[in-house]
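Next come the chains, spelled out residue by residue.
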Amino acid sequence: MGYTLDFSVVWHAMPALLWGCVGTLSLALAGMTLAMIIGVAGVAARDSKAAWLRALVIGFVEIVRNTPFLVQIFFLFFALPLIGLKLNPTATAIIALGVNGGAYAIEIIRGGVQSIHKGQVEAGYALGLHKGQVFRFIVLKPALRAIYPSLTGQFIMLTLTSSICSAVSAYELTSVAQRIESDTFRSFEVYFSVTFLYLAISWMLMLGFALVSHRFFSYPTR
Amino acid sequence: MTPHFGLPEFGFLLRGLQWTVLLTLVAFAGGCTAGLAVALLRTCGHRSVEWITRIYIGIFQGTPLLLQLFVVYYGLALTGLKLDAFVAVAIGFTVNASAFLGEIWRGAIQAVPRGQTEAAMALGLHYSSRMRDIVLPQAIRISLPATIGYLVQLIKGTSLAAIVGFIELARAGQIVSNQTFQPLLVFGVVGAMYFILCWPLSWWGSRMEARLAMAGQR
Chain A
386 MGYTLDFSVV WHAMPALLWG CVGTLSLALA GMTLAMIIGV AGVAARDSKA AWLRALVIGF
446 VEIVRNTPFL VQIFFLFFAL PLIGLKLNPT ATAIIALGVN GGAYAIEIIR GGVQSIHKGQ
506 VEAGYALGLH KGQVFRFIVL KPALRAIYPS LTGQFIMLTL TSSICSAVSA YELTSVAQRI
566 ESDTFRSFEV YFSVTFLYLA ISWMLMLGFA LVSHRFFSYP TR
Chain B
2 MTPHFGLPEF GFLLRGLQWT VLLTLVAFAG GCTAGLAVAL LRTCGHRSVE WITRIYIGIF
62 QGTPLLLQLF VVYYGLALTG LKLDAFVAVA IGFTVNASAF LGEIWRGAIQ AVPRGQTEAA
122 MALGLHYSSR MRDIVLPQAI RISLPATIGY LVQLIKGTSL AAIVGFIELA RAGQIVSNQT
182 FQPLLVFGVV GAMYFILCWP LSWWGSRMEA RLAMAGQR
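For the protein sequence lines, the chains are A and B, in the order given. Residue 386 is where the first sequence starts when you use our numbering, and the numbers rise one by one after that. Residue 2 is where the second sequence starts when you use our numbering, and the numbers rise one by one after that.
Okay, chain B solo, but in the shape it has when bound:
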């Protein structure tokens, strides 16, 4: 007898949704930290360092997320460390996020008018206070719509953890679909769950973008 899609199945999907959210949060937090380092290195003024970070970013932008995940997942397995599947995929998404957020914030840092940096230098502020107190607060404002856009990409991207076997929302959907033989209903519900997660963020991001564009016109 095959079970129908009922409350237990829905509960299973919800537990998958929890893992999707947790994976996103961990990867986003890690990616923000590492991404800030990438952005600062990318704009540090040393030719060779800037080139290395540029290539780092280029590799992540020019290859599929799925393959990045495979390489990190199987690469970590080779090191002999017995890592939990969650830790392995979280590291994969974090590395990806560091490159994409690094590039977004690189653009934002460079979009802050040069006069701000010059004025800070004229006032005798050293690098860390110049960045922390003058440039980064303005850069964060500029970068917010794109950062939210990437967060949506990340939520959608975590579905690829399903392919390496980690049970998050998409994988939970596959399992329930195989049990109940109701793929359309199951994947419809799964899609709706992702939509409920992503759509408010997308909406917020594009509204903020419109507002920033208007502020720029003034």
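Bound-form chain A, shown alone:
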């Protein structure tokens, strides 16, 4: 017996799948926000005077970057309740994404801060800019421009990684797809279509980020 592909189940489930896309984007956005907070705090701690704090940050970054996200989310899933955080799967997923993305954000932000030459700041003061202006025009904007491509790339990576959060049944696109699959047994059709929904999401994000970059960061460097 040959198998006949039937994509009508996907078409019927489209509203649920589109809500799943919204879930995925919200999950990624919340995770990225947490990752940025961890990133900034981590960079400050990474260059602090306390040696144990520096070692802690380095250890954190190495552990997160050298273990799979799936194992991290399972570990947190069981560890968070022990420290009194009884959270639903989606909140657990946000924390896992934030912790994972945070380790990468630390490296990215650190690179951006180091890309600002000290002489630039001194030149700014010499030109009579006050402290706020120096921070805004000489430190913040060029640093943001320097890390923008890696940071937005990281956001897209995090969006794709969030599919793994279906393993703890957080609300996002892949878990919606799994539910539809178990209702209809049309595994290939469902996952094939959902793959292209992810592709649409990441291409839209790429386009959006490129437009923002064109609007804000397209000034000559020298």
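Derived from the structure by calculation, the hints contain no laboratory data. Please note that a few of the clues may not be correct.
The calculated label-pair distances, taken between Cβ atoms and stated as ranges, are [claimed, not checked]: (1) B:Pro201 <-> A:Leu390: 31 to 37 Å; (2) A:Leu529 <-> B:Lys83: 51 to 57 Å; (3) B:Val88 <-> A:Ser603: 34 to 40 Å; (4) A:Ile422 <-> B:Asp85: 42 to 48 Å; (5) A:His599 <-> B:Ala193: 44 to 50 Å; (6) A:Leu390 <-> B:Cys45: 29 to 35 Å; (7) B:Trp200 <-> A:His515: 41 to 47 Å; (8) B:Ala211 <-> A:Leu529: 31 to 37 Å; (9) B:Lys83 <-> A:Trp404: 33 to 39 Å; (10) A:Leu529 <-> B:Trp200: 27 to 33 Å.
Note that the Cβ used here is the ideal one computed from N, Cα and C, for glycine as well.
Let chain A serve as the given structure and place chain B on it in line with the hints.
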């Protein structure tokens, strides 16, 4: 009575680790072969071929590895071939590796100074000898840190085979965790095993990257 995490459980995790390593090696070997073809097609000079490979790479970079695995796994099942779960996931990871390694090596091939190709052409070398003897040896050197970086990604990525039910390290961890009710200990050990596998590679990769960057400054 529930068993505690002891030597038999640890042994079970080690057997999972073996499958993780084997899966990584098979996918990496397959991915290197197919990835070289992708990289060569991507830089072959024919517009349409370059575009097709570009879209191929773009699809793998723009979709989650987990979904790629699902599509290959259930897609292969539809063909009626009765494939072993290991073969099915290995094919999935190989296809993914071909796209990522193809893109890494595309960049490396293009990073080899154009004068090298021109000099080879002036000497009358044809395409295969130009690539094999002049461009690729230099490209491999340039691409090594990124290639090692991808290898680490691949080791971590093979954990997703657990979700389609193949028993490698992460799945073995889940099973032991369900048996012993000691999830923190079990996943801690599993994480440590992945770390021991990945960290030396990461370290080697970043050291080589620093060395290449210094060589570039000279």
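Tested hints:
1. Between Pro201 (chain B) and Leu390 (chain A), the C-beta spacing of about 45 Å breaks the proposed range 31 to 37 Å.
2. At about 54 Å, the beta-carbon gap between Leu529 (chain A) and Lys83 (chain B) stays in the expected band of 51 to 57 Å.
3. Checked against the hint of 34 to 40 Å, the C-beta distance between Val88 (chain B) and Ser603 (chain A) comes to roughly 49 Å, which is inconsistent with it.
4. The hint said 42 to 48 Å for the Cβ distance between Ile422 (chain A) and Asp85 (chain B), and at roughly 45 Å that hint holds.
5. Against the hinted window of 44 to 50 Å, the Cβ-Cβ separation of His599 (chain A) and Ala193 (chain B) comes to about 45 Å, which satisfies the hint.
6. At roughly 33 Å, the beta-carbon separation of Leu390 (chain A) and Cys45 (chain B) lies within the given 29 to 35 Å, and the hint holds.
7. The given range of 41 to 47 Å is respected by Trp200 (chain B) and His515 (chain A), whose C-beta atoms sit roughly 46 Å from each other.
8. Taking 31 to 37 Å as the suggested C-beta distance range, the pair Ala211 (chain B) and Leu529 (chain A) does not conform, at roughly 26 Å.
9. At about 37 Å, the beta-carbon gap between Lys83 (chain B) and Trp404 (chain A) stays in the expected band of 33 to 39 Å.
10. Checked against the hint of 27 to 33 Å, the C-beta distance between Leu529 (chain A) and Trp200 (chain B) comes to roughly 31 Å, which is consistent with it.
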